[in-house]
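There are 2 protein chains.
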Amino acid sequence: MKKYGIAIHGGAGTILKSLLTTEKEFEYKKALEDAIHAGETILNKGGTSLDAVEKAIICLENNPLFNAGKGAVFTNKGKHEMDACIMNGKDLTTGAVTGVSNIKNPISLSRAVMEKTEHVFLSGEGAMDFAKSINSNFENDDYFFVQMRYDQLQKAKETDSIILDHTVDGFENGEKKFGTVGAVALDIHGNLAAGTSTGGMTNKKFGRVGDSPIVGAGTYANNTTCAISCTGNGEFFIRSIVAYDVSCLMEYKGLSLKEACDIVVKDKLVKIGGEGGLVAIDSKGNIELPFNTEGMYRAKKSSTEELFIGIYK
Amino acid sequence: MKKYGIAIHGGAGTILKSLLTTEKEFEYKKALEDAIHAGETILNKGGTSLDAVEKAIICLENNPLFNAGKGAVFTNKGKHEMDACIMNGKDLTTGAVTGVSNIKNPISLSRAVMEKTEHVFLSGEGAMDFAKSINSNFENDDYFFVQMRYDQLQKAKETDSIILDHTVDGFENGEKKFGTVGAVALDIHGNLAAGTSTGGMTNKKFGRVGDSPIVGAGTYANNTTCAISCTGNGEFFIRSIVAYDVSCLMEYKGLSLKEACDIVVKDKLVKIGGEGGLVAIDSKGNIELPFNTEGMYRAKKSSTEELFIGIYK
Chain G
1 MKKYGIAIHG GAGTILKSLL TTEKEFEYKK ALEDAIHAGE TILNKGGTSL DAVEKAIICL
61 ENNPLFNAGK GAVFTNKGKH EMDACIMNGK DLTTGAVTGV SNIKNPISLS RAVMEKTEHV
121 FLSGEGAMDF AKSINSNFEN DDYFFVQMRY DQLQKAKETD SIILDHTVDG FENGEKKFGT
181 VGAVALDIHG NLAAGTSTGG MTNKKFGRVG DSPIVGAGTY ANNTTCAISC TGNGEFFIRS
241 IVAYDVSCLM EYKGLSLKEA CDIVVKDKLV KIGGEGGLVA IDSKGNIELP FNTEGMYRAK
301 KSSTEELFIG IYK
Chain S
1 MKKYGIAIHG GAGTILKSLL TTEKEFEYKK ALEDAIHAGE TILNKGGTSL DAVEKAIICL
61 ENNPLFNAGK GAVFTNKGKH EMDACIMNGK DLTTGAVTGV SNIKNPISLS RAVMEKTEHV
121 FLSGEGAMDF AKSINSNFEN DDYFFVQMRY DQLQKAKETD SIILDHTVDG FENGEKKFGT
181 VGAVALDIHG NLAAGTSTGG MTNKKFGRVG DSPIVGAGTY ANNTTCAISC TGNGEFFIRS
241 IVAYDVSCLM EYKGLSLKEA CDIVVKDKLV KIGGEGGLVA IDSKGNIELP FNTEGMYRAK
301 KSSTEELFIG IYK
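Quick mapping for you: the protein sequence lines, in order, are chains G and S. So the first sequence is numbered by this note's numbering: it starts at 1 and just counts up by one. So the second sequence is numbered by this note's numbering: it starts at 1 and just counts up by one.
In short, the hints are calculated from the structure, not lab data. Among these hints, one or two may not hold up.
Here are a few chain G residues that sit away from chain S, every Cβ distance over 12 Å (derived from the structure) [claimed, not checked]:
| # | residue |
| --- | --- |
| 1 | 26 |
| 2 | 34 |
| 3 | 75 |
| 4 | 77 |
| 5 | 147 |
| 6 | 204 |
| 7 | 222 |
| 8 | 307 |
In silico PhoX-like links for lysine-lysine, alpha-carbon gap of 25 Å or less [claimed, not checked]:
| # | chain 1 | residue 1 | chain 2 | residue 2 |
| --- | --- | --- | --- | --- |
| 9 | S | 90 | S | 3 |
| 10 | G | 17 | G | 266 |
| 11 | G | 253 | S | 271 |
| 12 | G | 116 | S | 205 |
| 13 | S | 132 | G | 205 |
| 14 | S | 90 | S | 205 |
| 15 | G | 266 | G | 253 |
| 16 | S | 3 | S | 271 |
| 17 | G | 266 | G | 45 |
| 18 | S | 77 | S | 90 |
| 19 | G | 17 | G | 205 |
| 20 | S | 205 | G | 104 |
| 21 | G | 104 | G | 79 |
| 22 | S | 17 | S | 266 |
| 23 | S | 266 | G | 77 |
| 24 | S | 313 | S | 271 |
| 25 | G | 271 | S | 253 |
| 26 | S | 268 | G | 253 |
| 27 | S | 90 | G | 271 |
| 28 | G | 266 | S | 132 |
| 29 | G | 29 | G | 104 |
| 30 | S | 205 | S | 253 |
| 31 | S | 3 | G | 253 |
| 32 | S | 157 | G | 116 |
| 33 | S | 116 | G | 205 |
| 34 | G | 77 | S | 116 |
| 35 | G | 313 | G | 258 |
| 36 | G | 253 | S | 253 |
| 37 | G | 155 | G | 116 |
| 38 | S | 284 | S | 45 |
| 39 | G | 253 | S | 266 |
| 40 | S | 271 | G | 79 |
Source: prediction; values computed, not measured. Backbone N, C-alpha and C define an ideal beta-carbon position, used for all residues, glycine too.
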């Protein structure tokens, strides 16, 4: 049987063991395991990396623990504006959305943009008009109401801060976390895929777009090199075109996936103040989960490797 | 005196000599010359590449001949939704906007995003809220009404086509043109800058975002390599991360600007069906203006080279 593999993340940041209760830690690990399992089941049966990535991200979007889908943070206006992107490494097709509200699974809407339009990237009201035209799954505001996220917004508003990150248990515990979920996979047909989904920043204003829906920045897949999904302070990831940079270092400089990831995440990003990490898989099934923060919710599993779940350094 | 240079474009496409009247050709050449002159005057006096790029693009945005600013095409809903991006090669800072209406000069709004916010990319209503907060120059719908653009929309609606390109004299003459304007420059301080501005596609729906405001796709600048501004069918430019690809081929593979541009525009883009071109300048002042279509409105001038203005192959 040919090799397959999948890796996922649920955000990076100042995630310290001292800040998570045993119960919370268990909840996160269970959520990551369920998402990996959902994706791996597809790959194991000979399904596509695109299906595995979408399915794993749907699991994370449906879980209020993560800042994507149901758990998306509140904007300054008390709304949820979500971004997502998916890319097929086989033919470099891709679809992305930014600033969509009330969409249950933005990752699936991204896939519809890729497969059902001649476009790559749709935004705001227009993207939601498209979602209606294809009968996407909508949910009302109640579905997206998560008390912890609402409390975060109130705290952010009190200090008039635009919060680039979000926390697990509120700000008071000092935890800093970049809320995004993502997945990358290699299927037995040799095809790579990557996807990313996020609720952005608590208290964000001005229709800010982060790196998640930007092809080459937060998300990239190319069968000749690798598939990448990023999480971090998006502005720095956009300026560094992080995902495509890893791919170019492999393709043009002949670096291994590990070498390329280490240069981009632990050297280049650090130099400009970029905090976060990424999950990556190459065309041979090698998996890397680099980050330059205290922690990153992450997991991986392949046809030759046991399940790994990590939270801290 | 140290070297400086500037190059601009006003869109690429099926621009054939047989399709342009002598008078129209003169008008285009005059507009390109005026824009180059405005930018070069700044560089010649020791000004920054960022100022030169912004000024040249403002000239093109204010001219109804080009699909940006005043001449922006109509969306399906009869509105003008514009995108723009600017990048500073000195420190890799950048600013971009998508889906903004009634903004006289989107390139200047992009620059304000770069210089006055902690963000990189703002969209739609949010971006316009930001514009209001900094007293950007707004214009009413009348300012953006150009009869020729309105006629294009009616024709596009009649055939229910989402037009990826726009024409000079309407569709009937068969001309296909990707409407975007852009500029790149090197100043005597050794700093590179790039900018791009567009009105998108006639009859566009769903808040479609093209490559122009995407850092790495339509616009990129890095002092260690080059500055790039693209024009073409944006979806292919996004998938290929065109601008950063040229930069990576130079940085990681050691190619010259010309070699990198030729590979990306005349080989890689052609293979996936990407039509268009770009203007590029490297840190030594070399300028390239490659395109894979019948023509591209373009011009260049440097401290060591005379003015060049081109339209056809």
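Each hint tested on the structure:
Annotated as non-interface, residue 26 of chain G keeps its C-beta farther than 12 Å from every C-beta of chain S; the closest such distance is 35 Å. At roughly 32 Å, the least C-beta separation between residue 34 of chain G and chain S is larger than 12 Å, which holds for a residue marked as non-interface. Remark: the non-interface label on residue 75 of chain G conflicts with the geometry, its nearest Cβ contact in chain S lying 9 Å away (cut-off 12 Å). With a least beta-carbon separation of about 9 Å from chain S, residue 77 of chain G fails to lie farther than 12 Å from that chain, contradicting its non-interface assignment.
Look at residue 147 of chain G: its CB is around 26 Å from the nearest CB on chain S, clear of 12 Å, so calling it non-interface holds up. Not every C-beta of chain S lies more than 12 Å from that of residue 204 of chain G, the closest at about 8 Å, which undercuts listing it as non-interface. Its closest Cβ contact with chain S, about 10 Å, brings residue 222 of chain G to no more than 12 Å, contrary to its assignment away from the interface. Annotated as non-interface, residue 307 of chain G keeps its C-beta farther than 12 Å from every C-beta of chain S; the closest such distance is 33 Å.
Taking the CA atoms of residue 90 of chain S and residue 3 of chain S, the gap is about 16 Å. The hint holds against a cut of 25 Å. Taken as a hint, the residue 17 of chain G and residue 266 of chain G pair is honoured in the structure, with Cα atoms around 22 Å apart against an allowance of 25 Å. Under the criterion of a C-alpha separation no larger than 25 Å, the hint pairing residue 253 of chain G with residue 271 of chain S is consistent with the structure, at around 22 Å. This hinted pair checks out: residue 116 of chain G and residue 205 of chain S have alpha carbons roughly 14 Å apart, not beyond 25 Å.
Distance restraint check for residue 132 of chain S and residue 205 of chain G: the Cα-Cα separation of roughly 13 Å lies within the 25 Å cut-off, and the hinted pair is therefore satisfied. Annotation: proposed proximity of residue 90 of chain S to residue 205 of chain S is violated, straight-line Cα distance about 36 Å (limit 25 Å). Of the supplied pair hints, the one linking residue 266 of chain G and residue 253 of chain G holds, its CA atoms being roughly 18 Å apart against a limit of 25 Å. A C-alpha spacing of about 36 Å is found between residue 3 of chain S and residue 271 of chain S, which places the hinted pair above 25 Å, so the restraint is violated.
For the hint linking residue 266 of chain G to residue 45 of chain G, the alpha-carbon distance of about 36 Å lies beyond 25 Å, and the restraint is violated. Our distance criterion of 25 Å between C-alpha atoms is broken by residue 77 of chain S and residue 90 of chain S, whose separation comes to about 40 Å. A distance of roughly 32 Å separates the Cα atoms of residue 17 of chain G and residue 205 of chain G; the hinted pair therefore is violated under the 25 Å criterion. With a C-alpha separation of about 22 Å, the suggested pair residue 205 of chain S and residue 104 of chain G falls inside the 25 Å cut-off, and the hint holds.
Taking the CA atoms of residue 104 of chain G and residue 79 of chain G, the gap is near 14 Å; set against the 25 Å cutoff, the hint holds. Taking the CA atoms of residue 17 of chain S and residue 266 of chain S, the gap is near 22 Å; set against the 25 Å cutoff, the hint holds. Distance restraint check for residue 266 of chain S and residue 77 of chain G: the Cα-Cα separation of roughly 46 Å exceeds the 25 Å cut-off, and the hinted pair is therefore not satisfied. This hinted pair checks out: residue 313 of chain S and residue 271 of chain S have alpha carbons roughly 20 Å apart, not beyond 25 Å.
About 22 Å separates the Cα atoms of residue 271 of chain G and residue 253 of chain S, which keeps this hinted pair within 25 Å; it holds. Using a Cα cut-off of 25 Å, the hinted pair residue 268 of chain S and residue 253 of chain G holds, with the two alpha carbons roughly 18 Å apart. For the suggested pair residue 90 of chain S and residue 271 of chain G, the alpha carbons sit about 14 Å apart, so the restraint of at most 25 Å is met. Taking the CA atoms of residue 266 of chain G and residue 132 of chain S, the gap is about 39 Å. The hint is violated against a cut of 25 Å.
Taking the CA atoms of residue 29 of chain G and residue 104 of chain G, the gap is about 23 Å. The hint holds against a cut of 25 Å. Taking the CA atoms of residue 205 of chain S and residue 253 of chain S, the gap is near 40 Å; set against the 25 Å cutoff, the hint is violated. A hinted pair counts as satisfied when its Cα atoms are at most 25 Å apart, and residue 3 of chain S with residue 253 of chain G does not qualify at roughly 30 Å. Distance hint between residue 157 of chain S and residue 116 of chain G is fulfilled; the C-alpha atoms sit about 20 Å from each other, no more than 25 Å.
With a C-alpha separation of about 14 Å, the suggested pairing of residue 116 of chain S with residue 205 of chain G holds against the 25 Å cut-off. For a cut-off of 25 Å, the pair hint linking residue 77 of chain G to residue 116 of chain S stands: about 21 Å separates their Cα positions. Taking the CA atoms of residue 313 of chain G and residue 258 of chain G, the gap is about 17 Å. The hint holds against a cut of 25 Å. Of the pairs offered as hints, the one joining residue 253 of chain G and residue 253 of chain S holds, with about 6 Å between alpha carbons and a cut-off of 25 Å not exceeded.
Proposed proximity of residue 155 of chain G and residue 116 of chain G is contradicted: the alpha carbons are some 41 Å apart, above 25 Å. For the suggested pair residue 284 of chain S and residue 45 of chain S, the alpha carbons sit about 19 Å apart, so the restraint of at most 25 Å is met. This hinted pair checks out: residue 253 of chain G and residue 266 of chain S have alpha carbons roughly 22 Å apart, not beyond 25 Å. Using a Cα cut-off of 25 Å, the hinted pair residue 271 of chain S and residue 79 of chain G is violated, with the two alpha carbons roughly 42 Å apart.
Comparing the model with each numbered hint stated earlier shows that hints 3, 4, 6, 7, 14, 16, 17, 18, 19, 23, 28, 30, 31, 37 and 40 do not hold.
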